[in-house]
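Chemist: So the sequence lines, in the order shown, correspond to chains A and B. Residue numbers 1 to 126, in our numbering, belong to the letters of the first sequence in order. Residue numbers 1001 to 1301, in our numbering, belong to the letters of the second sequence in order.
Note that these hints are calculated values from the structure, not bench results. Note that the structure is predicted; figures quoted are calculated from it, not measured. Every residue, glycine too, gets a C-beta built ideally from N, C-alpha and C. Be careful, since some hints might not be right.
[To be verified] Partial pick of chain B residues on the chain A-facing surface, computed with a CB cut under 8 Å:
hint	residue
1	1056
2	1057
3	1066
4	1067
5	1088
6	1096
7	1106
8	1107
9	1108
10	1109
11	1113
12	1194
13	1296
[What the hints assert, rightly or not] EDC-like mimics (lysine to aspartate or glutamate), calculated; alpha carbons at most 20 Å apart, straight line:
hint	chain 1	residue 1	chain 2	residue 2
14	A	110	B	1157
15	A	110	B	1149
16	B	1098	A	71
17	A	31	B	1013
18	A	31	A	126
Given next are the chains, with one letter for each unit.
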Amino acid sequence: MNIISELINDRFMIAAVLLFGLGFMNLLLQKNLIKKIIAFNVMDSAIFLFLASQGYINGRIAPIITNGILDSEVYINPIPSGLVLTGIVVSVSVTAFFLALTVRLYGIYKTVDFDEIMLLVDKEAE
Amino acid sequence: MNTEIGFFKRLNDWVNGDEDRIFPSKNEYDSPELPEPPVAKSSLPNKDILFLSSYQVIAITVVLGLVFVLLYTVYKLPLFGVADNPAVNEVVERYVEKGLEETGAVNVVAGMILDYRAFDTLGESSVLLLAITSVMMLLLRDEKNIDPEEDLITEHEAVFEDQSRDVILQNVTTILLPAIMLYGIYVILNGHLSPGGGFSGGAILGAGLILYATGFGHNRVRKFFSMKTFRALTTTALLSYGLLKSYSFLLGANHLPTHIPLGIPGAIFSSGLIFVLDICVGLIVACTMYGFYAVFSRGEI
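With the rest of the complex left out, here is chain A (with noise of 0.2 Å):
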């Protein structure tokens, strides 16, 4: 009973852990390379989860202090919110260089499938 209880409570850390998973491994199989960039930005969400949760305490508001309680036991942790949102800037940015980098790919190679480049790319080299 204990562990079910304990499974439920840490829902969030778990489904995290299974969405990084996931992407983990959508990125490894995918033969087309927009789908691992867009498996990549399922395992960035995973992590941006994993720190939200980290972060979170029960029964507790969020730090924006409106009524002048400057004690640290009313408001959640405000670090990782900062963390996120630096990993989201970060996610943004190199989704945006990953997708030019294939633009220019599928300009040589007018493919997107990473197996077919690589044919070609062997070919070139002959």
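With chain A held as given, fit chain B onto it using these hints.
Modeler: Only chain B this time, still in chain A's reference frame:
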């Protein structure tokens, strides 16, 4: 519709984007004549087949192992939502209890990322600028990066777009755009008072610009937001961020008075530099978001 192929096969094809058998659509857009793309060899060399078949097995094993290890870690981590999590330490206490006094920001997260950890945010903004710079290096079509084939496609698309401007989209844009822009500015200016700030507000502004460009075309946007404006805005915002924050860090870290008034907490013109820095960040993010869209869709801003 082809009835011989099973539903799941069609669904699978549709998900994979191979062929649209579920919602067959008429191809209204006839593409210009292009040279034949190079074709990959269909048969794989023998030595690669073993690698490919074992690659999938290895990949699945590695991922399952990793997920198992991570799940075990989660099991050993402190429970979700408990207050005695070791991450809730004296740093959090300091930020929450002294943040309002030291930064003047009602929103503790804004006070944290734009005052205590402001150089982190400067780095983030630089990452965005670096990303748009590298995307431009790869995709911007100027005198050094000309591909006649691509120019042909873009020209064709521009003509096609101009002929088929969507009336519904244009009218909805006319109604929605003022509200979107106003909301973005509100979120940026209230960054130190409420949830939001430079990043989210800048993203909203960028989304408004993208909506306008989709409805009315890039040429209309270029009248007030050209490459020149883009360069001027991003570099000015980033430079002023760096200079202002260097000043405050140089003096503030040495316990010298910075003479930056913090104002009354809760007022719109309060919290010293955070208000200005939020505007700088918002400008960079808005420019970058629109820049990504413009460079990806047209190869120019």
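Chemist: If a hint holds in the structure, say so; if it doesn't, say that too.
Modeler: Results of checking the hints against the structure:
Evaluation of the residue 1056 of chain B hint against chain A yields a held restraint, the C-beta minimum of about 6 Å falling below 8 Å. Taking 8 Å as the C-beta contact cut-off toward chain A, the hint placing residue 1057 of chain B at the interface is violated, the least distance being around 11 Å. Hint on residue 1066 of chain B holds. Least Cβ distance to chain A is approximately 7 Å, under the 8 Å limit. Below 8 Å, beta-carbon pairs count as interface contacts, and residue 1067 of chain B has one with chain A at about 4 Å; its hint therefore holds.
Here the hint on residue 1088 of chain B is kept, as its CB sits about 5 Å from the closest CB of chain A, short of 8 Å. Using the Cβ-Cβ criterion of 8 Å, the hint placing residue 1096 of chain B at the interface with chain A is satisfied: the shortest such distance is roughly 4 Å. Residue-level restraint check for residue 1106 of chain B holds (minimum Cβ-Cβ distance to chain A is 5 Å; threshold 8 Å). The interface hint given for residue 1107 of chain B holds, since its Cβ lies 5 Å from the closest Cβ of chain A, which is under the 8 Å cut-off.
Proximity of residue 1108 of chain B to chain A holds as hinted, the smallest CB-CB distance being about 4 Å (cut-off 8 Å). Below 8 Å, beta-carbon pairs count as interface contacts, and residue 1109 of chain B has one with chain A at about 5 Å; its hint therefore holds. The beta carbon of residue 1113 of chain B is positioned within 8 Å of a beta carbon in chain A (closest approach about 5 Å), and the interface hint is therefore held. Here the hint on residue 1194 of chain B is kept, as its CB sits about 7 Å from the closest CB of chain A, short of 8 Å.
With 8 Å as the threshold, the beta carbon of residue 1296 of chain B comes within range of chain A, its nearest partner Cβ sitting at about 7 Å, so the hint holds. At most 20 Å may separate the alpha-carbon atoms for a hinted pair to count; residue 110 of chain A and residue 1157 of chain B meet this at roughly 18 Å. A C-alpha spacing of about 12 Å is found between residue 110 of chain A and residue 1149 of chain B, which places the hinted pair at or below 20 Å, so the restraint holds. For the proposed pair residue 1098 of chain B and residue 71 of chain A, the alpha carbon gap of about 10 Å is at most 20 Å, so the pair holds.
For the suggested pair residue 31 of chain A and residue 1013 of chain B, the alpha carbons sit about 15 Å apart, so the restraint of at most 20 Å is met. With a C-alpha separation of about 23 Å, the suggested pair residue 31 of chain A and residue 126 of chain A falls outside the 20 Å cut-off, and the hint is violated.
Figure legend: structure checked against the earlier numbered hints; hints not met, in rising order: 2, 18.
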